[in-house]
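Number of protein chains: 2
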Amino acid sequence: MALPLANRYDGIRRIAPTDITTRGGAVHGHLATSLLIRIRSRAHATLQQQMYRGIRRAILTGAAVPGTRLPSSRALADDLGVSRTTAVLALEQLAAEGYLASRRGAGTFVADDLPDDFPSVPGRGRTRTGRHPGPPTQPPLSRRGAALATAPEGAERLAGPPRAFRIGTPGLDLFPIALWQRLITRRLRSATAAQLDYGDPAGLRALREAIAGHVQMARGTQCSADQVVVVGGAQQGLDLICRMLLDPGERAWMEEPGYPGARSALLGAGARIVPVRVDAEGLDVGAGARRAGDARLVYLTPSHQYPLGVPMSLRRRLALLRWAGSARAWIIEDDYDSEFRYGTRPIPCLHGLDAGGRVIYVGSFSKTLFPALRLGFLIAPAGLQERLVAGRRVADQHPPALDQAALADFILDGHFARHLRRMRTAYRERLDALAAAVERYCGDALRLRPVRTGLHAVAELAGADAVKVSREAARRGLEVTPLTAYYAQRARAVNGLVLGFAAVRPDVLARGAERLAGAIDAARRS
Amino acid sequence: MALPLANRYDGIRRIAPTDITTRGGAVHGHLATSLLIRIRSRAHATLQQQMYRGIRRAILTGAAVPGTRLPSSRALADDLGVSRTTAVLALEQLAAEGYLASRRGAGTFVADDLPDDFPSVPGRGRTRTGRHPGPPTQPPLSRRGAALATAPEGAERLAGPPRAFRIGTPGLDLFPIALWQRLITRRLRSATAAQLDYGDPAGLRALREAIAGHVQMARGTQCSADQVVVVGGAQQGLDLICRMLLDPGERAWMEEPGYPGARSALLGAGARIVPVRVDAEGLDVGAGARRAGDARLVYLTPSHQYPLGVPMSLRRRLALLRWAGSARAWIIEDDYDSEFRYGTRPIPCLHGLDAGGRVIYVGSFSKTLFPALRLGFLIAPAGLQERLVAGRRVADQHPPALDQAALADFILDGHFARHLRRMRTAYRERLDALAAAVERYCGDALRLRPVRTGLHAVAELAGADAVKVSREAARRGLEVTPLTAYYAQRARAVNGLVLGFAAVRPDVLARGAERLAGAIDAARRS
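Chains as they are written, first to last, in numbering that gives the first Met the number 0: chain B, 0 to 525; chain P, 0 to 525.
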């Protein structure tokens, strides 16, 4: 069973799925992967409280279903790095509150009758999509709330300083922070009362114009500032689009494998996700049309498929647009890192090919500038922008004005284009360093697929399981994600790893490849 | 019919509702209020395009239903300040595309058969909640998308420099911008790669601790940083809560009159809003329980009812908590401006009285610092915070890191407390100036209700209609909102105005009151 090991906080420990067994032969292992216990030594809560809350949360969110057997207190204590007494006290508290039941000789189980004493209200019962109760005295979440609260985290990034081979993080060591500070300072010094007040929900006009200019030049699509919506990062854009365009129960195509953040946004909107296979030409449009011809929306990454890296062929792009035209479906084109190409010519973006007004282009500044900025943008087809803006006004009014103004200056003064050129060269060096080191240290065990675009590589493993390798790599201070983490149907995944090469220096990548070779060896022996 | 005149952009003109009549006697006037045409002289589009788009949008969003008669091209041209030729060309384009139909001698009407040629798909038809089609070639919005896109704007604020009597904007002329710039610069200079990377979806730990400390001291509620969620402004908090806790069709109480932003968030979540009357003790809990005892959520502003200004009595607070406990309902406590009190002692916030874990406290930095910062916070009851955080991660990951860090410093270094003290004195002066000027210039025509908290006053009108006065005031460069704008049932509104006194200097308020007296005179005569 595939378990993504990339955790989001330092010091998180997961109860390994093999530690969870169930009574009576029922297999609940697919839920156990989210049974998280977060033990943080510097946290506000005591270790016992953290353990108590972690297990209770797993029960309340349905991650641990009634009848699930818990590991022994000794095994839990070892696994979480707490004392046996701490573990026993936490388990006793949960038993006293009715969350756990012990059976002599058989161990401790999640109780069959959870302390959930509220009367069942017609139409509010547990549904197929899962309406999870909160703590016993609290009302439940909404159905979409439960879906959002339990959305798969997929391959999330770690906190802390970037390490080899973090995905989704650009080379922050090379960001021109002094220049950025000058731009921010200049804008703050000249700020008027009107600029400190509420602003345009579509985003600052100057920034929208700068974005439209950049995208027209870089991506070859005609668009005006009136089609742009500045969002608080691409994730907000995806969430907004899904909410505005999808009703619960409607079907949406999603690349298989695909980006977990988009999967969460679709689930949050109540969509039924239809995984559509990706081959050497990108999303298989014919397969999608056969599986779900009535889909309302398609999410895809045509410039650089996430995570496999293939660009979608022009033939497929045109087929997708034709299909969307006849099926009356929307298309989300997530163009998350196409600014970084290594020697290839760009294929026109879907938005530029779209005559029918179906494609919403999603761009991010997290990869081109830095993620903590939280800015991205949408380019909507004519007729949709102002409706998206109306929704975004309800969602959060608008992004912070100062960052928008500084970013507009950054683009309009030419810094953005210069920064992209500089980063392209740096990333090319980092990619070369990764390729050389993988060849040197990992030999035949790891084969890097060619990289033409973007900030990460896909590497196929031979003779070792990617999930095991990822776990061994994490023990060695590396951040490596198995391809399984991106699949809805994990059994179909290629046995491989996703390796980011943008976040750290070439020498760090080289040392990382050496340690990765050790991780592969260890996984082979285990 | 009540028409809020406070527009959001300079130069927006609305077609007055009296200009819209319907054929066959059917009254569609309630839709006509949103029939907006935005004419901006410096806009990207030509005047003709703007007019074409404005009318088309009104038709496509359902604001102008089939059969609605349009004013003559001459009347439209006059009203919008465009040439007759421009108006005729825009109308002709709409007629050519099938949006309008002309009947000799009878005028121009919204066409009965709109150019909307898509086959009706089962389960996707127009529903009672309104699924509005987009431009003819595009698929429709989702039901919630349509609700969001057509959410009432209520009394929205204008762009441009603050004028008398803008609501919802603090005294931005007094914000210590040089100090803020120093804090931002310090944080940028010391920024590490990890700080530029993705951050904690709950918000920066240091800021959450600073917020918890401030709220405990200022609002008398026990809370820890683990209960805080930093959000991109209170509006995002409201939207997140509504999504996570309300399923479509569930009922929610809302104060009548109440805050339009909350109304939009509730509508966006698909809630059925139950307006509950407000009296001298605040929200009438008994009336709510009788009207909708099965409600899932209550939204209210207990510290300083928005917009009427009354604080909720302790008796009512306790009754609400008792009711919510037995009805298993959530409570949103929107505490948008309680930091500014003039000589009264605070009543404990609902969150501090809540033993049952039902109250989610919503705080804003838009009134205490500045709106363009886009930061606010939630304080969730134990057990709910991490579920809200999981939802917010899907919504937009987290707020920008730099602003969060600077705000944490602002609070922890004591600047926040000093700024609040300073602003309280300044607002007291501005309030006194408003009261004196209203008495001097408006006499018996306008009676200010006592103000004990916050940044706006409510003034009752005698002998003139509030909607007319607002319109006359807008012509005189004032921003005045009739109370009707806050009511779901406008016929029940008190004849009065909401006057912000925080945004501009005392002398500007005094001159504004003089011009307001002129507006009242003009409205009386009309």
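Simulated from the structure, these hints should not be mistaken for laboratory data. A virtual CB, placed ideally from N, CA and C, is assigned to each residue, including glycine. Take these hints with a grain of salt, some might be off.
[Stated by the list, open to error] Simulated coverage check for chain B against chain P, where a stretch passes if three residues somewhere in it have a Cβ under 8 Å from a Cβ of chain P:
1) 67-80
2) 169-176
3) 196-204
4) 315-322
5) 413-421
Here's how the hints hold up against the structure:
1. 67-80: violated (count 0)
2. 169-176: holds (count 4)
3. 196-204: holds (count 4)
4. 315-322: It is violated, with 0 qualifying residues against the three required.
5. 413-421: With 0 residues closer than 8 Å to chain P, the region 413-421 of chain B misses the three-residue bar; violated.
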